[in-house]
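Undergrad: Below, each chain spelled out in residue letters.
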Amino acid sequence: MNKFEEFNGFFNPSTVAFFGASNVMQKFGSLHLTNLLTAGFQGKIIPIHPNGEKILGFKAYKNIKDVPEDVDLVVIATRPDIINNILEDCGQKGVKYAIIVSGGFSEIGNEEEQNRMKEIAQKYGIKIMGPNCSGEVVAPNINITHVPWPPRKGGVSIISQSGTYAVQPLIAISTKIGVGISKIISVGNEVNTDLVDYLEVLEEDQNTTCIGLYFEAVRRGKEFIELIERINNKKPVVIIPIGQTEAGTRSAKSHTAAITSPGYIIDSICEQTGAVKVKNSIEMLNLLNGFDSLPLLKGNRVAILTMGGGPGTLMSDLFESHGMNVPVLSEALQEKIKPWLPPTASTMNPIDLTYSDDMQNYLNVVPEILLKSNEIDSLIFYGLMGNQYFTNILKVPDYMKDLESVIALKNFGDMMDDFFMALFDELVDFKEKYNKPIILTCYNTREEKFVAYLQDHGIPVYYPEEGVWVLIRMWQYSNFMLSKLNK
Amino acid sequence: MRGARITKVDTIIRSVLNENRTFLMEHESKDLIAKYDIPVGEYKVIKDEDAAVKFSNKIGYPVVAKLMSPDIIHKTEAGIIKLNLNSDEEVRKAYKEVIKNGKNYNYEAQIEGVNIQKMIEKGIVEIIIGSMRDINFGPVLMFGLGGIFVEIFKDVSYRVCPISQDEANKMIRSIKAFPLLDGYRGQPKADNERIIDTLLKCCRLLIENPEIEQLDLNPVIVFEKGRGLMVVDARIILREDE
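Line by line, the protein sequences are chains A and B. First residue of the first sequence? That's 6 in the numbering used here, and the numbers climb one at a time after it. First residue of the second sequence? That's 200 in the numbering used here, and the numbers climb one at a time after it.
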């Protein structure tokens, strides 16, 4: 059995039993159950409760041993002192996978109970995620966390030693970043499965295209380094090490009983393995979104197509001070794009349209000419307005609403989303056809329909500087891999 | 952790541990790294003045005299290093002075002897090779140029052991001061191949001797390409019992 199959019970269960779910909705255990339900889980849900006939509408059992059918996975979110007895029952029942959400073990110095947990698990061959963890997500239909924002399905997988960073960003994922998720795993205290195990699982996982790691301390350091180096050859690994300052180290220790390594060691591991280190959780999600949605960069030349000078200038500065190149386009290429741009536009690169309402030229004609050329390796846009923009303009007083120009604008706004979609489909095709990353930047979120459409079809949308950093980091990865190949 | 060792504990390390020490004196440190074929020059720990003069004449002037004491880690601070001694008289004077200074610094310091070694000529650069042991990742090697480069600019690179030759090469190239090793402004190039080779040997030393908590080769004088390098001072600290 390979590692993926060995752990598959966590990721593909048919029957899930819950300990700690009750008819009080705001209880942690109840949240895990309802979030699994609303994510559209197709399997069977069974609450185990000492005195409930029915929990949240589901038939409940007093003891797991009373459940007639096999249970693939249990989720335990009860008070900690009864967990080992529950686990013993689960073992007798033949359960092999358990997610233990509750804390109260090694992270508060309760080694004794955690060791007992380990022994029971070993006796019955139970794999435990946790304890002291936030559960897991397997998009789209499994969300065993307390955060009710199931993400769309994609190739990004995340392993986290912090429960909060594992699951709370689901809110940003759904409202802003739009990244497609394969799996999110919160490892907690790692009683008998750890970060390194799940890395091995994700290495083999066909649905995972890139991996994000949020870690405080890697207890199996040597294996970790070898594994990261190996995985990086196939899928990019993005990391956020935390607990690098005195206060951070103190916090990590009380958090998961982990002893962290200094930042310079993590940096040297990145230099050795090609893992990409990022500074914060949003940058990590943005970058993973880039890796999942876009082809890898084959060179460091980028074209900037912008509606406005400021973003073009700032983007250029950022790119060029971090190893990327914003080359002046050849005369010939400039001549080719000129006819499609307003007379005020600059064609050197950044290509600054200043303002244009010809969306077809902006989103299709000029991009294709650029992508087709062998002068650039990637394309980044700044600026797009969507329907919400016009909806806000049209919050004019009633006496203005009958004006012909206002009506015209309303009509334009109403049709623009549909009009955009066709142009976006073209753009998505260009990405595949020319095999070069395309990123759009603007200040909108998924509230604006075009943002959601683009993100869901594989063109990431970010705030301007965020998008630049995604390309910079993607190039950092490609550059490492290319220099490795050239040896 | 020590119990988990597969290879046998090095004899030098074992005798230091037997004396309940975790600090290897310079000559012990050099004896140990010399086993890994790292150049340490000629030196001898001597317990009387006449023998010091005799040995000085044998290796040739100029020489250096350093007091060896298991109780004094910071030699410069204690004033127990005398450099550039050019005659029998200077050796005699230095011999007495380092013992006196050592006693002044720490009255109870046990004296092992005076280490006489050849004064190493000036090279292209002075480097530092160091290491520490990380709780999660094991031995970590550090490389940098000596003096202000490490102390003020913190211009150093790190790698978790083991490293490949290629990684060692990247390690020396990744410091900002690398041009000084690479023939800056008409200077000859330093013997970078030997630096790489020494880094690899240190890695092996650290992996094979898990008792080592810290290694500090400082300074190491690097000569021009083809002429190698020489460890001038070495310090090894062992792990406290866990």
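If you're looking for bench data, these hints aren't it; they were derived computationally from the structure. No residue lacks a Cβ here, since even glycine has one placed at the ideal position from N, Cα and C. Check the hints yourself; a few may be wrong.
As the list claims (entries may be wrong) - Partial list, computed: chain A residues near chain B (C-beta under 7 angstroms):
hint	residue
1	A222
2	I270
3	M353
Stated by the list, open to error - Computed Cβ-Cβ distance ranges for the label pairs, DEER-style:
hint	chain 1	residue 1	chain 2	residue 2	range
4	A	G328	B	Y306	28 to 34 angstroms
5	A	K128	B	E407	35 to 41 angstroms
6	A	K8	B	Y235	55 to 61 angstroms
7	B	K321	A	K8	24 to 30 angstroms
8	A	E116	B	G240	48 to 54 angstroms
9	A	R121	B	N303	54 to 60 angstroms
10	B	Y235	A	Q211	29 to 35 angstroms
11	B	K353	A	K377	43 to 49 angstroms
Undergrad: Check each numbered hint against the structure and report the violated ones by number, ascending.
TA: 3, 4, 6, 7 and 10
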